[in-house]
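Participant: Could you put together the complete structure from these sequences and hints?
Numbering-wise, numbering that gives the first Met the number 0 puts 294 at position 295 of the sequence shown, and it's gapless, one number per residue.
None of these hints come from the bench; they were simulated from the model. Where hints are given, some of them may not hold.
Stated by the list, open to error - Per label pair, the in silico range of CB-to-CB distance: (1) P184 x H128: 29 to 35 angstroms; (2) K127 x E31: 54 to 60 angstroms; (3) F99 x I239: 56 to 62 angstroms; (4) K97 x R243: 46 to 52 angstroms; (5) K124 x H245: 46 to 52 angstroms; (6) F183 x W277: 15 to 21 angstroms; (7) R92 x P184: 40 to 46 angstroms; (8) E189 x F99: 41 to 47 angstroms; (9) T94 x R242: 34 to 40 angstroms; (10) P184 x R242: 19 to 25 angstroms; (11) K244 x D185: 30 to 36 angstroms; (12) Y82 x T224: 25 to 31 angstroms; (13) F183 x I13: 58 to 64 angstroms.
All C-beta atoms, glycine included, are put in the ideal place defined by N, C-alpha and C.
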Amino acid sequence: MTNALTTTSIPQAIHDGVLVIGDAEIPCNVLEDGRRVLTQSGVMRALGRARQAKGRGHYDGDVNLPAFLTAKNLKPFIPSELYVTSSQIEFRRTTGGKAFGYPAELLPLVCAVFDDADRAGKLAKPQKHIAEKARMLLRGLLNVGIVALVDEATGYQKVRARDELQKILAAYVSPELLPWAKRFPDSFYENLHRVRGWEYKPGSNARTAYIGKLTNTLIYEQLPTGVLDDLREKNPRDPITKRRKHNHHELLTTDIGNPHLERQIISVNTLLSVSDDWSEFTRLFTKKFPPGPGDLFAPPPSEK
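Facilitator: Rendered as structure tokens:
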């Protein structure tokens, strides 16, 4: 009976394929519960590692990280969400037999860890080749989400449920207002003013509308399609004051919505911090993220 219970608890893959990113080929699967999974061996090869470290079998992400992330010099660069996302998944292949994999969302997070550590000069020589592989993978993921790539590779997008958008919105937008917490660091707006050539005055209402528009485009519009529209619907402007009652981020979920928001803020703030002026920032931003509306970088309204 124990074996029977164990067997039925292992999720079944319903679609499989090979994810091609640059010169890397990673076997991938969509499980019956909708999770997108990359095989453990495929991730290892893509990162330039032959196999999992000896002595490491199945593990839980909230207890341990994958062996290739346990080096002490990587710890400062590992975001908290990676401890959850890194849970290893045992599943049954479409062709039969068991396999181990990682959630597809793990790949860009792991790549960012090695890239950040390398840029900070903290990697040891044996880790350098992993950083090089990581950057190659990140370049391949710049304009297309990992989930969309897996769906295309496996053919799952052809049979995806019609309520997929509603599931995404439910994951990102909370039905209840969350306690206010500061999400945008002062450095974000300080850097934004600096590259625009403006004097930064904390608390000033100058250019509020234009800054708000940029914040929507640089941050909120980079969340999954439909999330910003849903936030606007749930958090409308007052018809008289033209102001919203709450900050959009107060309506994002704590497990998925806000962590994604924080990663986006960090990414954009990083680009702002390394840019000397607005022209350089717009070039870096449009290279890293999909093109936004045509008026994204239009000049702000004339100042009085």
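Participant: Is the distance from the Cβ of P184 to the Cβ of R242 consistent with 19 to 25 angstroms?
Facilitator: Holds: the Cβ-Cβ distance is about 22 angstroms, inside 19 to 25 angstroms.
Participant: In this structure, is the beta-carbon distance linking F99 and I239 contained in 56 to 62 angstroms?
Facilitator: holds, 58 angstroms
Participant: Given the hint of 46 to 52 angstroms, is the C-beta distance from K124 to H245 inside that range or not?
Facilitator: holds, 50 angstroms
Participant: 41 to 47 angstroms was suggested as the range; check whether the CB atoms of E189 and F99 agree with it.
Facilitator: Hint holds: Cβ distance 45 angstroms, inside 41 to 47 angstroms.
Participant: Take the C-beta atom of P184 and the C-beta atom of H128, compute their distance, and say whether it sits inside 29 to 35 angstroms.
Facilitator: holds, 33 angstroms
Participant: Taking the beta carbons of R92 and P184, is their distance inside 40 to 46 angstroms?
Facilitator: holds, 45 angstroms
Participant: Go ahead and decide if the range 25 to 31 angstroms is satisfied by the Cβ distance of Y82 to T224.
Facilitator: holds, 28 angstroms
Participant: Using the beta carbons of K244 and D185, state whether their distance is inside 30 to 36 angstroms or not.
Facilitator: violated, 23 angstroms
Participant: Starting from the hint 46 to 52 angstroms, judge whether the C-beta atoms of K97 and R243 obey it.
Facilitator: 50 angstroms Cβ-Cβ, so the 46 to 52 angstroms window holds.
Participant: Looking only at beta-carbon atoms, does the pair F183, I13 fall within the given range of 58 to 64 angstroms?
Facilitator: Given a distance of about 40 angstroms, which is not inside 58 to 64 angstroms, the answer is violated.
Participant: Given the hint of 15 to 21 angstroms, is the C-beta distance from F183 to W277 inside that range or not?
Facilitator: holds, 19 angstroms
Participant: Starting from the range 34 to 40 angstroms, see whether the pair T94 and R242 falls in it by beta-carbon distance.
Facilitator: violated, 57 angstroms
When held up to the earlier numbered hints, the structure conflicts with 2, 9, 11 and 13 and fits the remainder.
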